[in-house]
Structure formats: structure tokens, C-alpha cells
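Asks: One letter stands for each residue in the lines below.
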Amino acid sequence: MQEYDIVIGLEVHSELKTNSKVFCSCKNQFGQAPNTNCCPVCVGLPGALPVLNKKAVELVIKAGLTMGCQINDLAVFERKNYFYPDLAKAYQISQLVRPICLGGQIELEDKVVRLNRIHLEEDAGKLVHCSAAIGTLIDYNRGGVPLMELVTEPDISSADEAVEFLTRLRQRLIYAGVAECKMEQGGLRCDVNVSVKKKGSKELGQRTEMKNLNSFKSVYRAINYEANRQIEILENGGTVVQETRKWDDNHSRSVSMRKKETSSDYRYFPDPDMLAVEIPREDVERIRKTLPLMPDQLRKRYVEEYGLSDYESEILTREKALSDYFNEVLSFYNNPKEVTNWILTEILNKVKDLSEEIAISPSDLAKLLKLVEDKKVTRTNAKEMLARIMENGEKLEALEKEYAGSVDGDALRALVETIVKNNPNAVEDYRTSDTPEKVFRWFTGQVMKETRGKANAVKAEEFIRELLK
Amino acid sequence: MDIGKLSLIELAKAISEQKLTSYEVTKYYIERCQEKSDLNALLEIFDDSLDRASEMDEKIKGGFKGKLAGVPVIIKDNILYKGKKASCSSRFLENYVAQYNSTVVQKMLDEGAIIIARANMDEFAMGSSTENSAYGVTKNALDPSRVPGGSSGGSACAVAAGLAPVALGTDTGGSIRQPCSYNGVVGIKPTYGRVSRYGVVAFASSIEQVGPITKNVKDNAYMLSVLAGGSIHDDTSLKVEVPDYLSYIKGDIKGLKVGVLKEIEEAVKGLEVEKSYKEAVKFLKDNGAEIVEVSIPDFKLTLPCYYIIAPAEATSNLGRFDGVKYSRRSAEAKDVDEIYVKSRSEGFGKEVKRRIMLGNFVLSSGYFDAYYNKAKKLQQKLIAESKKAFENCDVLVLPTTAGEAFKIGAKGGDPVEMYKEDLFTIMANILGTPALSLPFGKGESGLPLGLQIVADRLNEGLIYNVADFIENNGGDYARV
Amino acid sequence: MSKTKISIEEVKRLAGLSALEFSEEELSAFIPEFEAMLELVDEVKNCDTGEAQLNYTTHLLSECREDEAKESFPQEEILLNSPKTKKGSFCVPKMLD
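Residue numbers (the numbering used here), protein chains in the order written: chain W, 1 to 469; chain B, 470 to 949; chain X, 950 to 1046.
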């Protein structure tokens, strides 16, 4: 294994976050009854014509700008011709000669992966393979959903790097509002090209391609399997055949496609139903202005302006949903350190993954932290309240009434008097001790214990000091 | 009133003024359609036509105004009219029922038209005689032993035979103009993009247009004003204002610069049309037009250029007819690959298959640059040449066809001979310019010949003015 | 000029791309016709296009359709002409994926 370099190139497809499809006004929406988000364009009815969605082009430009791509001033759409039942028109509208974006790069921890291009195309319909009696069912709801295809240069040299690349790409697309990348819905799919060569050799090996991997785990396993398979072939004196292989996730292996691709002659030519799109500089600059901060920029801000650690800022920016949440809490309660502590220690242990919606609203979390700061509730009680909100869906207002300062005024004073009266030794300790604060805290603890945390903490401390004098 | 003698404009006026009802007009034309069924111009007369006419009469009484209120119209069988069959004269689409209205149909319905029938054509508009129809050849309206031309042969025959005051055709390489010439009627291929193609079954998307076929020039201008205009469903449709084309008709051509192509002078030598063509030029000159000799040096290459671009687009456009989603699926097919191959092989006629094969040849790897890209470059060169020509003239005149309509079966054996039918018409499709054909002169058997007027893009108005002048002042030449 | 020739293998390749099948009889009739067509289009292959460049008809990004979703067609209208449907879907014999 050590004597070989692995050379990996990725082709990543992401469904773009638009309201309507790329060539018609049907909804871009997942999970509907089959063939209900369809019109003549989606099903390739005779006479139907594609009408390009501006937003789809703008999102690809936006994606390109986050990765330093050059934006072509003229984008051309071509037809890629082949027969397949998920392809209603027997051609896919895609881009070959003049894609929207050229070049660009994504920086990984230890290297830079260059991009070849990003282009816009349409997604295909969905095939559902049922029993032989029923057959294969075709649903064109997904047909025409805008898809960006990003193609890397073969700069990736391990499965780990591939996953790191995909993680960063996914992060950027989500941050930029370009795509939601819902893997489980096929919102991000990856074709992997793998070849191996003798370490240091300039000569590239024969590559194989595995299409439509839809989880990072599959990508990781597929690359390792395929690299090992190729190395084994070479070690045994064989040659690797250039082919498309299918990754079988259930058995963790790649298999040669049973049926060879009948033709890779796609007969691309400019779609005569479409006009090429001129993209003036002003439009690119206008789109650039709408770019939100990217995760690396946010991380920098968290460290430099908020004084967070690298670790903290890395976690907070890993998912856009989380950094959005963090930023919003700050807009109500501007104490980054405190908010970070709560999120990292109390909130994230209650969610399954970082992109999940957090079950306490940013404004409620801010209110809760304010209650702690104002000593209306103790930290311990605040944690309890947080758990009850996030786990049982209880309301902050109700809990506040229950916890904060419900024992107050004369009743509280009476309680403190009783405690002081019943603990003469402690009172003596307080007056003679080198560390009276410790004894003082023992008294506040007693008050909280007696009231099960529901005493007005500020008042309680006031009374204790007064009565201990 | 003799309904059959009224022009489209007169008819529309009489109905809107309630001097005639749509019902009686529609009934008259449907009876004509039935009487003349031996022409095989029509594939279907829509059985709800009279009901629609009655409804329209009620609407007109209620104050409805529309340019085509109550007027019967026939459409070519590749234009979608929701709820009605549209077969493109193909076995493949034998039972295809349109699921939506084409833009042109919608525009006509909005103006109150009664669409009464669909007309025969060459399968998928590929052909010049309607002999490629899966439903039998249409006969020439003036001589039933001859072809009506094509591909809009059914539409042109229908208008010539008085089956409707107007019919729609489509023109990819001459498919409106050539049959108009053969049947002695008027037809225009508008500027590319002037009329939306949405809902028109595509053959060669980048060069084809829908256009009206009428008995006279003014009717044609009137009708184009209805059909023209950009569509939100068609990015290639031009989003420019639609003029009232009738307003361009002045009854005068003094000072008009009429271009005569050097290459045409050459090409017509010895052809049946030569004499009429020369008479036409002389006629224009005698009536005050300035005749200018201009040149499009690569004119002769328009034909081969077309036979690369059109089949390339057709092969891709016809891919959707795969037996999976609609219409024909071969009963023999056991798996998906067989569905494709058998449905298509059974459903398409010979000429369609030939063009699909040719299209795949010029697009396939290794040939793409030499053929397809070369043809696209040649198209640019031709456009540049035409621009230069139009710097020196307002319109070009050229023949529509080499001669009069030929006998059914006369060109059966040789596809390339048939292709040459479009020698004079294809130029306008390659250039994207408007071109109209109107009757001018007679052939050896006394059948009409056609004269084409071509102008630069969006200059339909200029064309209509010249054509109307010829029609009204051309005497015997312009009489069919 | 020598006549453009095309081999039977080439014709079969094109038939594959076209999803068409021809009987041997059809093929033998087809080849000379196809060669005549190629002879015609070879005039373009052999012509001089000088300085002419590929050109695209264009529109501005700002002229493209706004991203507004509209109602789709009812499922039954979409499936109207389908030769075979099941469970609201178009249906073909079971494919090996």
C-alpha cells in the first residue's frame, strides 16, 4: 500500500435551493406524491420548451464565488443525449463548453484542491424498482430540479481528504444558501474517480468511476475498497480496466456494471430551445454582495472578536444552523463566552447531530441566561429548566414562575432567621473564619435547599449578610 | 352573403357585426370539409366545432370582441390543442391527445377562433409532399393527381379548397411556402422567434416557425398580428411589440429597393419557374421599384447546411418519443431497451428514420466538428452575407419552387431529389428571416407557381406591402 | 468527387444511438440512400467558412425567468397518454438497477 499513490477526482451534484425547477415553474419540493410536481416540461411532452430559472444560475454563481471560481461572461446550455427512463426528453440539459464557473479551489487542512468547473444542469426523475409483477415505476417530480455539478481536479489523495473536501464543500453550499445538501434525500451525490500509481510516478494509472454515492461514509469506503482492489490487480501483474463500477454499500464492495454503458457518445450540442446567458460583471458583483460570511471567516471572527478558542469556534461553525443559532442568541444576550459555554456543555449534549433544530429558541435561551446573570435563578436551576424545555417542551415563562424567586420577602426573611437561629455553630464559624465566604455560601446553600432552589437568590444573600452581622 | 367568397377579414367583420353567425359560417365550412374529404387534407374534423360556434355566438351577443370571433380555423397536426389528438401524421402519436394548448392555439382561442379540424402533413413535418404521412397523401387542391407539397400540405390544400378561411402551418425549410406555391395560396414563415413555438411539436427548433396560410395577403397580415408575440413559455420567442401588419400595406412600391440575387439568376436557368420569376422582377421594376443586384455567394450551400442542422436537432427532439411516457409502446417489447427500439422502429416512417440516423451521424463523436459545427459556422457566414445584401435592398425576391406541383409518386425513390424541392425556401430558415410566398405565374400545366418575398429580420410589414401590391396589380400573373 | 461510403457497422452504430432497428433488407435499401444524403452534406464539410465563428443567440441573466413556483398539472393529466401506469407513476418492465 505504501508504494502507491491514490489519485482521486470528485464530481459532486447538489440540488439547488430554489422555489421552482430549473426549466419550468413546478415546485422544487421533495417528498410529494409521484408525478404531482410535473408539467409538460418535466415529462417531456411534445412541444414543451425549457425556460431558464434566473435564481438557479445565480446560485451557481454564488457557489462559484465562495470557491474563488472565475465566472464566465457567457454560459451555454447543451443537450446530453441518451435514452434512460428517468430522463423524460431522452436528453439532459447540461453544460459542456461554457459552464457558469471555471477553476476555483477549496482549501483543506493540509492542501488545496483545485476545481475544474461548476455547471448547472437538471436532475432526472426517480425510478422505483418493484417486483417483476409490478415493474419499475417512474416519478418525474425530481426531473428538472436544478442541480449544480462541481468537478474537481484529481488533487485528492486519500479517502480522508475526500471526506474532508466534501465536508467543507457541503458547509460552504449551506452557508451560502445555495443548497441544503440533504444527503438522505439525495440532495448531495458524488461520483468518485479513483486511480492508483506507483509512488512518485508521473504516469497516471487507469481510472474507474463509481457513480451516485450518497453518503460520506460510502465515499470513504468506496475509495478505500477501490484503491485496494486496483493495487491488488497491479501487484498481481494485472491491468486496471477503465470502467464505471457500482458501489454496493450493503456488501461494501464495488462491482463492474453488469451492463456496459451502451454508449458514452452523448452527442452534446447547444440546446436550440435555449438562449445562451450573458452574465454581466455588475450581476456578479451584485451577487458577491449577498454572500454571507463563510465558516472560516466566522471562525476567525469568533476567535478574534469574541475571544473563543479555536476548538469552540470550530464546533460552532461546523453547521450553519448552529452558527446561525449562536449569532441569534448573541443578538439578544451579548455575552459570547457565556453563550458558548452553555451551547457546548448544556445544549449540544441534548441533540443528536449539529444540524438538528435546537429545541429552545435563541430568545428563550438568552432570557434564561439573563435570569442567571440577574441571579433570579441559580445556575443549577437554569440547567434543570433548560433540560425541561428541551426535553419535555415546557415553556420558559411557566418554569420561570416555578423556579425564580418564588420564596421571597417576609417568608424568605423568616426562613433565613430560622436557619441562622438553628445553626449557632455555623454563625460562630462565619464570624471567626479566615474564609467567611465559604461559610456564607453554606448558608445560601441551606436556603436554596430548604426552598428547593426557589428562593430569590439576591434577596436571600442580602438577608443572610444582614442577620450574620 | 356567399360565405365561401368572403375573405378572413370580411368574415371576421360580418360575424362580429352579427350579420353572420359563427354557427352558420362554421357549419358551411364543416360541410365543405366533409364534401372534400377525398382530398385527404384533414385527419379529423372536431365534432364539438358547432357547439363552440354556438357558444361563441352567445358570447358575441354578450359583447365579446375578438379578431377571430367565431371564425373557423384549421391547424396543422403538429400544433397542440388541448383535448384533441395531435399525431404529427405519425403512427407513433396515433392516439396522442394534447394535454395543453400551444401558445398559438391559445392566442387564437383568446381572439374567439373556432378550431374545426387538424390537417394532414408529412410525418413530423419531414417532407415536401405529404407523401410521408402515415395517413395517406393529401391531394393537390387544384389537381388531385399531384401532391399538395409539404410538409404543411394539408393546411395549404385546405385553404385552397375552401375548407377554412385560414389554416396554420409550420415551416422548417419551406413547409409553409412550398405547399402554398403548389396550391396557389399565400403563406408566410415569420422571423425566427416572432411566433412562439410552445406547444408545437418540435422538428428543428432553431429554424422553424408557425405561420398562417390564407387566400390573400391582407388576411395573412391580419392573422400574423394574432399569432405573433413573445411567450413566457418560450425563451427563443422575441419579446418585441407586435405591430398591426395591415398598417404597412400602402398600395405603393415606388422607390422600394428590390434585391435580385445573382445566385438565383444562375439557379433558375432552365427551370420551369425561370420565366415567371423574370416577369415578376420586370413587374416590380415597371411599377416603380428599384431593382438591385445583390449576392449571397454561399446561397447554394443553404440546402446542405439545412440537412445537417435540421436532422441534428430532430434526432434529439424526437428522442422523447421513446414508448415510455406516452402514446405508442410496442406490444412486442419485453424490456426497456425493446420498448425504445421496437416502439420507435414500428412508430416512425422511413423518412423520419433516415433523418434521425443522419442527425446522429453529424452529431456523433469524430464527425461533430466536421459537420455540425461547420454547418453552424456556415450559417454565420450566410447571415453575414445576407446582412450585406440587405444593406443594399429592402426585400429580396426569389422563386418559391422550381416548378409546379409534381405528380404523386414522382419523387418517391430518391430522398435527395425530394430535398431539392426546398432549394429556394431553406435560405430564410437558415437566416431566420421572414419569407412569404404568393402565387405568381403558371407552370407548364397551368398550375400556379410561387414568388417569395424575403426581408431582413422583423420586417414582415415590408413584405406584406410588396406582396399585397403584386396581388392587387399583378393581373393574370397573380390570379390562380 | 468519389461517392461517400458508409459501412454497415457504422450504420448499425448509428441505429444503436438512434434506438432504431432495421432488417437486413431495410439496411441494404438504406445504405445507398444514406450515402446520397452524406454526399449532400459533405458539401458543407468541404466548404470554406472563412473567418466565421460559432455564435450563440443570447439574453441577459436579468431577462431570465423569476424563481416563482406555480401550480403543476394534476397527476391524471400528466399520465393521460401513458401506455402503462401504476400507483400514479409511469411504468415499465422491471429494470435491473
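Each hint should be verified, as a subset may be incorrect.
Claimed, not checked - Straight-line distance between alpha carbons at most 30 angstroms, and here's what the computed DSSO-like set of lysine-lysine pairs gives:
no., chain 1, residue 1, chain 2, residue 2
1, B, K530, B, K482
2, X, K994, W, K246
3, B, K530, W, K126
4, W, K350, W, K246
5, X, K1035, B, K819
Unchecked claim - Listed next, with one range per pair, are the computed distances between beta-carbon atoms:
no., chain 1, residue 1, chain 2, residue 2, range
6, W, Q29, B, D520, 54 to 64 angstroms
7, B, A879, X, D997, 28 to 38 angstroms
8, B, D806, W, R288, 44 to 54 angstroms
9, B, G944, X, T953, 45 to 55 angstroms
10, X, E1025, B, D804, 40 to 50 angstroms
Hints in this document: simulated from the structure, not taken from any laboratory. Backbone N, C-alpha and C fix where the C-beta goes; we use that ideal spot for every residue, glycine too.
Asks: Hint by hint, say whether it matches the structure.
Replies: The hints, checked one at a time:
1. K530/B <-> K482/B: With a Cα-Cα distance of about 14 angstroms, the restraint between K530/B and K482/B holds, given a limit of 30 angstroms.
2. K994/X <-> K246/W: Not OK: K994/X and K246/W at ~41 angstroms, beyond 30 angstroms, violated.
3. K530/B <-> K126/W: 51 angstroms, violated
4. K350/W <-> K246/W: Answer violated: K350/W to K246/W is near 38 angstroms, above 30 angstroms.
5. K1035/X <-> K819/B: 34 angstroms, violated
6. Q29/W <-> D520/B: 54 to 64 angstroms: 39 angstroms, violated
7. A879/B <-> D997/X: 28 to 38 angstroms: 35 angstroms, holds
8. D806/B <-> R288/W: 44 to 54 angstroms: 48 angstroms, holds
9. G944/B <-> T953/X: 45 to 55 angstroms: 48 angstroms, holds
10. E1025/X <-> D804/B: 40 to 50 angstroms: For D804/B against E1025/X, whose Cβ atoms are near 27 angstroms apart, the range 40 to 50 angstroms is violated.
Of the numbered hints given earlier, the model fails hints 2, 3, 4, 5, 6 and 10; all others are met.
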